[in-house]
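Q: Work out the full structure: start from the sequences and follow the hints.
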Amino acid sequence: MNSLDYVPKNPRAFQGYVEGVRKLNDYLESNVGVQLAEADRYLSQAIDSDPDFLPAQYYKSIVLTHERKSDDAIQLLEELLNKKPTFQTEVLYNLAFAYAKKYQYEPLTKAIELAAKALDEAKADERTELILLLSAIRAWMFAVFAGRPYGHPENFDQRKREYLPRAVEIADSVLKDRRLPELPADTRAAITVEAHNAAGIAFMRIGQFSSVFRNEKNSAWQLALQHYLAALSVHPHDVRVLDNISSLRLLQASKAAREGHTENIQKFASQARDRALEAISFNPGDQFRHYRRAQAEYLLGNLNGVHEAAQKALDQPGEVGEQKIRSLLNAQSTKDLAVVLDQNLTD
Amino acid sequence: MRPPLQIASGLLAAVSLSVPLLLLPSNSKQLASHAAAEPSKSEIHFRIGEVYEKNGQLDKAEAEYVIAATDGTVQIQSQALANLQRLLQFTTNRNLQIAQTYESQEQWSQAEAYFVKAAESAQNQVDRQAALEGIERIRKKSISPLDPLLEHTEWMPKAGIFLLRLFASVVLLLAILRFYIALQAISRSTKIWPFEGDEQLSKVIQSAFPSVRAKAYSAVGLFTAIKLPQTLTTVYPFVPLHLGELPEEAIEMGELKIPSLASLLQLLVRPRLEVEGGISTSDSGSFVYAHVWRNHWFRTRLQTVATTTIPKPDPNGAALELFIYDVFLKTLWKMGRHELS
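If you read the sequences in order, they're chains A and R. Sequential numbering of the first sequence, starting at 1, is according to our numbering. Sequential numbering of the second sequence, starting at 1, is according to our numbering.
Hints may contain errors.
In silico SDA-like links for lysine to any residue, alpha-carbon gap of 25 Å or less [stated by the list, open to error]: (1) Lys330(R) with Gln45(A); (2) Lys9(A) with Asp326(R); (3) Lys334(R) with Lys69(A); (4) Lys203(R) with Arg12(A); (5) Lys203(R) with Glu276(R); (6) Lys330(R) with Asp48(A); (7) Lys9(A) with Leu302(R); (8) Lys54(R) with Gln79(R); (9) Lys312(R) with Gln45(A); (10) Lys60(R) with Gln110(R); (11) Lys215(R) with Gln45(A); (12) Lys9(A) with Glu274(R); (13) Lys312(R) with Arg12(A); (14) Lys9(A) with Arg188(R); (15) Lys9(A) with Arg213(R); (16) Lys215(R) with Gly33(A); (17) Lys9(A) with Arg301(R); (18) Lys215(R) with Glu38(A); (19) Lys334(R) with Pro85(A); (20) Lys9(A) with Pro315(R); (21) Lys215(R) with Thr128(A); (22) Lys191(R) with Val269(R); (23) Lys215(R) with Asp52(A); (24) Lys215(R) with Val7(A); (25) Lys312(R) with Asn10(A); (26) Lys330(R) with Thr86(A); (27) Lys84(A) with Thr128(A); (28) Lys69(A) with Lys83(A); (29) Lys330(R) with Pro85(A).
Bear in mind the hints are in silico, worked out from the structure with no lab data behind them.
A: Right under this line is the structure:
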């Protein structure tokens with residue numbers, strides 16, 4: 001990006017921009033939520049001081065996405081895209097990511113489309129790092145898109161069959177790409193984490209829908225865990241991976257509950273709760289990890305823990321949905337396991 | 001070796017001066033009576049040669065015999081030649097003896113010299129052969145087994161000199177290149193002069209310029225701590241600060257003495273930008289202004305002016321930081337893109 005295309009009009013805008021990017025970088029390294037809030041504040045200062053300073057808007061959109069404020073991020077990125085910045089591929093990437101983070105059918109479809117467009121542009125510009133990152137993020141989108149019905153049960157099975165194997169295949173090809181080791185360490189780490197996370201989610205869903213993937217029935221969850229742990233070995237504070245491990249453990253606990261394996265319920269639910277708490281310790285600003293904790297506490301029979309976690313989930317932004325959270329918040333006991341098991345169905 | 005004739009003529013002159021004085025009678029009658037019995041010149045030379053020979057002065061004797069042999073009666077000539085031959089034979093024998101002595105002592109150069117003399121004075125084939133064999137023997141003995149190898153390395157000293165000259169040229173070129181780079185660095189640099197009015201705050205402002213610049217670079221420049229693929233690299237080409245990396249010591253070039261390399265460079269080229277300013281302090285805070293001057297060849301013009309009021313206290317130096325960003329950005333706006341590349 002040519003810096004001279006985007007020189008802010010006043011020093012306050014530039015100061016806010018520099019400080020905001022510094023805090024965002026700190027957050028990306030540590031995943032400590034306070035830094036994300038500070039980044040938001042500084043970048044808002046930059047945009048308020050100079051509304052035409054596009055790099056500040058770009059970084060603000062990244063912050064918003066990480067804050068689970070997808071709609072705000074999408075709005076900002078769409079506006080940015082209309083201004084045709086010189087860094088359009090990066091904007092497309094973040095716009096796709098923001099749409100996907102809504103975890104809804106149409107936005108996910110749009111996200112996949114945008115990621116494909118961004119990938120084409122990255123290939124045209126021969127941007128190796130973006131090509132690999134966009135490939136990994138597409139794998140992640142495929143895994144997410146095929147992971148839930150999203151109000152479209154009519155094509156859910158088809159999505160599972162089509163997108164989950166593709167997600168695994170793409171993630172694997174990224175991890176084996178000969179260009180990957182040649183990239184700078186931070187870039188390589190970001191792509192590796194994204195690819196392992198995508199493969200982990202895909203295998204988690206393959207294990208969940210074992211009636212569709214009979215051959216992988218016994219190995220899928222083990223592979224999912226291996227990929228998640230591989231991602232954590234690169235970035236131990238990655239809250240998205242920690243959330244996904246929590247989800248995997250909840251699925252395992254729910255399956256154990258259905259099969260009547262009491263010991264395994266306790267074992268897997270404890271692990272789900274611990275991973276959720278670990279993610280919350282880094283960044284509590286996401287209702288999903290509080291919701292996961294509430295579900296785990298429910299399976300462990302800790303009603304106070306359920307209420308505390310559900311209340312915190314309600315206070316945070318996210319895409320879980322109020323109804324699901326309230327069902328836990330209003331629970332009088334933890335005897336009716338269906339409250340949790342129905343949200344963690346397995347074949 | 002002097003030619004015998006030359007030696008002989010020299011001797012003749014000497015003998016004409018000395019010998020006749022001893023031999024000549026004291027009056028003219030005696031002179032007339034002696035004139036009839038006076039020996040010939042060749043005879044005199046022959047006699048002198050004999051005297052020299054007796055005294056062991058063989059070179060001189062040889063010279064006299066040569067003169068006698070070239071100009072005299074047949075009898076004198078044959079006697080002189082016989083004596084000459086005897087002398088040369090004696091000399092040859094003596095040279096061979098000396099050469100062999102040196103050879104036995106392994107003093108090869110001296111032995112070889114005497115064998116050469118013997119070969120030159122040899123009167124017969126046997127002696128000459130002995131001398132020549134001696135020369136050959138000496139040369140073989142004095143040749144080291146490493147000599148053939150050394151012959152192959154005779155080019156090395158010249159190659160060494162060539163390499164030294166090449167090295168000196170490369171060093172000179174590097175020095176010129178280094179000097180050129182230093183010139184370029186200065187011509188693209190920004191010099192922050194001390195601000196007038198408040199020495200303490202002036203020092204803070206001067207050190208704040210590079211620190212703010214480093215902060216901006218570390219976050220949004222090429223040296224971001226985290227460089228993810230989606231990270232934008234926004235290189236704001238704030239002009240580099242004065243490097244001051246050249247030695248301040250005086251240097252001498254022939255008879256020309258230059259106070260320091262840095263001062264020489266300053267004579268040749270000036271920083272692209274120079275920031276000077278002042279501080280006016282009151283109870284509530286400090287009014288600070290900065291003039292940014294642009295040097296271009298022999299011309300200097302005011303590029304921009306930045307002002308601010310730094311409150312007391314200034315938490316985290318935020319106001320000062322804003323002032324420095326203001327100076328940087330205003331300068332950035334005023335300068336063309338090609339100047340910042």
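Q: Can you list which hints this structure breaks, lowest number first?
A: 3, 21
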